[in-house]
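Undergrad: Each chain is listed here by its residues.
There are 2 protein chains.
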Amino acid sequence: MVSFSVGARQPAEASKDTWSMSHWSDTLPVPFGQRRDQVPRDHSIYPQLLEITLHLRQAMREHFVQLTSRQGLSLEERRHTQAIREKEALLSCLIRRMINLLQSEAASDLELQVPLPSEDSRGDVKYGQRDQLSGQPDPVPQLSDCEAAFVSRDLSNRGIDISVFYQSSFQDYNAYQKDKYHKDKNTLGFINLGTSENKLCMDLMTERLQERDMNCIEDALLQYPDWRGQPFLREEVARFLTYYCRAPTRLDPENVVVLNGCCSVFSALAMVLCDPGEAFLVPAPFYGGFAFSSRLYAKVELIPVYLESEVTVTNTQPFQLTVDKLEEALLEARLEGKKVRGLVLINPQNPHPFRKPLGLECRGRHSQTLWDEDVFLQSFTFLSKNKYNLHVIIDEIYMLSVFDESITFHSVLSMKSLPDRNRTHVIWGTSKDFGISGFRFGALYTHNKEVVSAVSAFGYLHSISGIVQHKLCQLLHNTEWIDKVYLPTNCNRLREAHKYITAKLKALEIPFHNSSSGLYVWINLKKYLDPCTFEEERLLYCRFLDNKLLLSRGKAYMCKEPGWFCLIFADELPRLKLAMHRFCDVLQEQKEALIVKQLEDAMRE
Amino acid sequence: MVSFSVGARQPAEASKDTWSMSHWSDTLPVPFGQRRDQVPRDHSIYPQLLEITLHLRQAMREHFVQLTSRQGLSLEERRHTQAIREKEALLSCLIRRMINLLQSEAASDLELQVPLPSEDSRGDVKYGQRDQLSGQPDPVPQLSDCEAAFVSRDLSNRGIDISVFYQSSFQDYNAYQKDKYHKDKNTLGFINLGTSENKLCMDLMTERLQERDMNCIEDALLQYPDWRGQPFLREEVARFLTYYCRAPTRLDPENVVVLNGCCSVFSALAMVLCDPGEAFLVPAPFYGGFAFSSRLYAKVELIPVYLESEVTVTNTQPFQLTVDKLEEALLEARLEGKKVRGLVLINPQNPHPFRKPLGLECRGRHSQTLWDEDVFLQSFTFLSKNKYNLHVIIDEIYMLSVFDESITFHSVLSMKSLPDRNRTHVIWGTSKDFGISGFRFGALYTHNKEVVSAVSAFGYLHSISGIVQHKLCQLLHNTEWIDKVYLPTNCNRLREAHKYITAKLKALEIPFHNSSSGLYVWINLKKYLDPCTFEEERLLYCRFLDNKLLLSRGKAYMCKEPGWFCLIFADELPRLKLAMHRFCDVLQEQKEALIVKQLEDAMRE
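Those sequence lines, one after another, are chains A and B. Using our numbering, the first residue of the first sequence is number 3, and each one after it goes up by one. Using our numbering, the first residue of the second sequence is number 3, and each one after it goes up by one.
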């Protein structure tokens with residue numbers, strides 16, 4: 003791992019696998035086999051080099067700002083956050099790219115037979131042969147496998163960025179995809195309690211999808227579609243949302259855009275509401291998929307509004323969202339010169355406690371969930387008002403996954419009047435509520451015709467197969483089946499799985515965040531971390547991974563405090579039991595490792 | 003339509019609907035109801051204004067460069083190209099945005115009750131009421147409906163760009179989607195011979211898709227996928243391409259990425275191979291979908307390598323692609339400071355003559371399509387060589403749509419060795435060859451592991467439903483049905499439709515470009531244009547549209563010469579006959595209009 007010596011903490015260690023700044027900040031590495039006074043003859047390469055160098059410098063600056071600007075973290079912690087690791091990989095990659103350019107230039111222009119990197123079947127780049135051809139020392143340090151995979155002679159700068167980000171974000175998910183647990187065929191495979199999926203009603207869905215009405219094949223379904231989503235599906239989505247969101251008046255199909263997944267909708271919104279570098283505020287912890295989506299294309303910054311788990315005088319609830327916190331984050335971002343164009347809210351919010359924030363005034367009746375501290379509504383109303391000119395994106399993807407029967411979900415679409423309806427954009431999809439994330443369906447509902455039109459353009463690259471649009475339409479249309487069969491069964495199973503997992507957590511004395519909706523619980527494992535840092539959190543995560551259990555750690559959700567994990571419980575009982583068995587094993591291992599460590603520390607003192 | 007007075011041609015006309023430059027280049031329009039010395043108190047708006055102004059200036063510069071740099075076109079022509087119209091709409095939009103900002107600032111800060119634009123149900127913005135509230139003249143010219151739809155108070159700059167581009171590109175297509183011809187239900191609806199679709203085998207496909215093997219619903223298909231494409235489908239694609247492309251060795255599933263359509267694949271390639279503003283060379287005329295795809299996200303310029311229809315000493319074939327033309331375009335682009343990262347080739351090429359350019363050396367045998375002038379191979383080999391460091395993207399989307407039985411298609415993947423296999427990227431999908439564009443399936447095959455990895459990241463936002471991936475796998479797997487039923491029938495029907503359409507064209511004495519593959523013929527209607535300009539081409543296109551016939555005009559394909567239209571003939575005979583009936587009617591109308599015009603001209607002289 004290439005790392006940079008920053009600060010004065012370990013100056014003596016900046017040797018073998020640590021580059022000193024002078025290696026690359028002041029002088030460019032001289033192409034292998036070339037004297038410094040030999041300048042390549044073709045000058046056309048230099049603008050490219052310059053650009054890469056500038057990109058490099060920019061990446062560097064961001065890196066160091068990141069290193070020094072985070073308060074309340076120790077140096078140790080700062081150096082090991084995921085973002086910094088990524089940036090390091092990117093930096094080493096950019097440097098390598100410069101060197102590659104110089105080398106290839108040297109090879110072609112100066113007619114030196116310098117062997118170019120060869121690729122093996124894994125796509126890793128090998129430089130090993132080079133030393134055999136020359137006695138000169140290699141000016142470039144050897145890269146680890148992980149970094150070498152990011153080295154590129156062919157990708158653009160943004161291509162490298164994307165590749166680095168994808169590999170670091172999806173490495174473990176991809177390992178799970180290749181080696182999934184199966185009760186008969188692969189008992190040693192990965193169990194995934196880290197991806198927010200509802201696997202509890204596969205049987206019901208399979209049955210429903212095999213019914214006769216699902217398999218219609220019409221010509222229009224096989225041909226190029228209306229890019230905004232087929233009219234029949236948009237009509238059905240409007241009807242469905244009118245009914246399940248209890249909208250005071252019929253929702254309009256013309257306000258609906260259908261794309262292949264909620265992240266596609268979010269990405270498209272980020273594209274049309276922000277210019278590159280502009281920002282959305284998002285209460286953190288928040289869904290990691292949004293971070294990936296907003297970076298892939300839109301290059302929009304998601305500024306976390308950090309919520310804290312500890313209850314204090316001002317924070318009367320764990321992970322409490324307040325208007326003050328939002329406003330403070332907004333003003334701070336503005337002071338830093340950031341352009342905040344909107345706010346992203348999840349409704350119902352989790353880990354944000356359900357009862358408190360929710361309870362919107364809907365259809366004139368006051369339900370039992372209406373509380374004095376109607377923070378969600380306050381935040382929403384406050385920030386959608388003209389003062390800050392903010393858009394509000396409301397993600398209601400868990401709206402039908404409320405498993406506590408005493409709670410009623412209140413959609414933003416149920417409000418009699420929205421504070422700023424032209425700047426309120428609601429996202430919903432079937433991935434979580436119907437457990438069919440593989441369908442790739444997401445819908446936008448907005449009164450803003452300009453946004454509808456601009457987001458529709460993205461249907462050209464994010465549309466769903468016609469025959470799937472038909473199936474979705476049939477699925478949403480059958481309210482009787484949904485109300486009488488699917489929802490009661492799903493809620494029942496969610497409740498049972500939640501009961502099982504929370505009982506287990508109680509027995510293990512692991513604090514968790516109770517919730518009455520969604521597919522996951524937030525658990526606090528900080529007692530297993532020593533010291534309680536994000537690096538230790540990462541190591542514990544890896545220990546779970548080594549035991550073929552995929553969890554999500556708080557860091558991936560931009561949680562402010564190390565030690566939190568997100569545990570998806572919406573899985574069938576036998577698999578959940580086995581997962582918890584592995585979970586307990588890991589914690590036992592970790593406990594033993596901590597004891598050994600503490601003993602060693604004590605002996606040293 | 004807002005237009006700008008450029009050059010000295012019509013200075014006197016720069017009055018009512020023509021803005022003079024001074025309106026906006028030197029001084030900002032003063033907010034309505036505000037004196038020039040009244041500056042809004044909240045200064046936070048000014049950076050935003052400045053940015054929009056800078057964007058505006060940039061758009062302006064591009065506009066004028068575009069106006070003045072195109073050689074060989076008359077001023078009349080230059081002013082009316084589609085690109086310029088778009089730019090004009092964008093400019094007026096940006097200006098309007100500035101004014102909106104100033105107005106809203108004026109309304110809130112200076113407490114002037116200036117009514118903000120109201121939206122009607124069509125999303126058009128109306129400014130009409132304003133004049134009633136004040137006697138002052140409106141400093142802003144009234145916008146047409148079309149432009150007003152692009153006015154935005156909420157969208158980002160790129161959001162406006164995208165919206166403008168989408169509306170101007172898909173307006174007519176969307177009209178067709180809303181009002182499709184149906185032989186019983188809507189006999190007066192649009193017939194679309196402008197979108198490249200094969201509607202000839204809907205019956206076969208419908209039957210095949212209803213077979214038992216298609217309707218498998220497994221848990222894994224309903225859950226989050228492998229973002230690169232499900233392994234079973236990538237394996238099948240590799241097997242399928244090995245077989246149908248006659249690859250010398252088995253293609254590797256690890257080199258396949260599956261996304262929701264070939265345009266998504268193209269867009270992802272543009273993202274990872276180019277940085278914003280960099281370019282690909284594309285022989286023109288070329289598929290308009292690529293232009294839209296590359297602009298939506300990647301912001302990559304497609305530089306047309308203009309091919310000419312006229313046969314000359316150097317152009318021995320109509321629309322002939324030569325190495326010289328490619329190299330010339332490349333060097334010219336470089337001289338202009340453009341960074342060309344690659345070349346996009348279509349194989350088989352249409353209108354580029356089929357026999358000539360094709361004929362790659364495959365599996366050691368020389369087929370009848372091997373000619374001396376193997377231009378395609380030459381171009382491909384030449385440009386993929388290291389000298390220019392270019393990527394080559396080969397679109398083989400029509401590979402199974404060769405309907406002349408005496409011709410054998412030769413895929414780039416059939417070559418024993420690729421000139422630069424790490425920079426050769428092949429795209430294929432089922433939209434054209436299997437007539438199922440509504441499936442949204444596209445595949446990339448590349449040996450470059452870095453490109454595979456980087457493009458895979460885009461699967462996160464461009465994936466296909468699991469159940470559709472299953473259907474595609476079953477479809478591609480059944481080689482027996484494809485070889486014995488589908489392909490012979492499809493080729494037969496393509497041949498018949500082609501025969502019908504070309505006989506009709508001959509009877510009408512309309513020159514056309516003969517082809518032996520693909521779904522369309524290029525026809526030359528320049529004898530119906532007077533003068534022969536792109537503006538007249540557009541007017542003729544509109545006349546077809548008024549008669550509910552959607553065609554593609556050459557301009558949308560970046561054709562260099564006005565008068566060419568692309569006519570998709572892969573439609574069932576009754577609809578094709580009706581379409582040709584409307585076609586003849588329009589040409590008759592046009593002929594009569596031309597005669598009237600010529601008479602009027604003669605009388606004036």
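It is worth saying that the hints were derived from the structure and are not from the lab. Keep in mind that the hints are not guaranteed to be accurate.
Identical chains blur together in the list; that is why a pair holds if it fits in one copy or across any two.
[What the hints assert, rightly or not] Here are the simulated lysine-lysine pairs, DSS-like style, with alpha carbons at most 30 angstroms apart:
1. Lys451 to Lys550
2. Lys508 to Lys201
3. Lys579 to Lys508
4. Lys180 to Lys599
5. Lys508 to Lys340
6. Lys185 to Lys201
Undergrad: Hint by hint, say whether it matches the structure.
TA: Hints, verified against the model:
no.: 1; hint: Lys451 to Lys550; result: between (48 angstroms within a copy, 27 angstroms between copies)
no.: 2; hint: Lys508 to Lys201; result: within (24 angstroms within a copy, 61 angstroms between copies)
no.: 3; hint: Lys579 to Lys508; result: within (15 angstroms within a copy, 74 angstroms between copies)
no.: 4; hint: Lys180 to Lys599; result: neither (35 angstroms within a copy, 70 angstroms between copies)
no.: 5; hint: Lys508 to Lys340; result: neither (43 angstroms within a copy, 64 angstroms between copies)
no.: 6; hint: Lys185 to Lys201; result: within (15 angstroms within a copy, 45 angstroms between copies)
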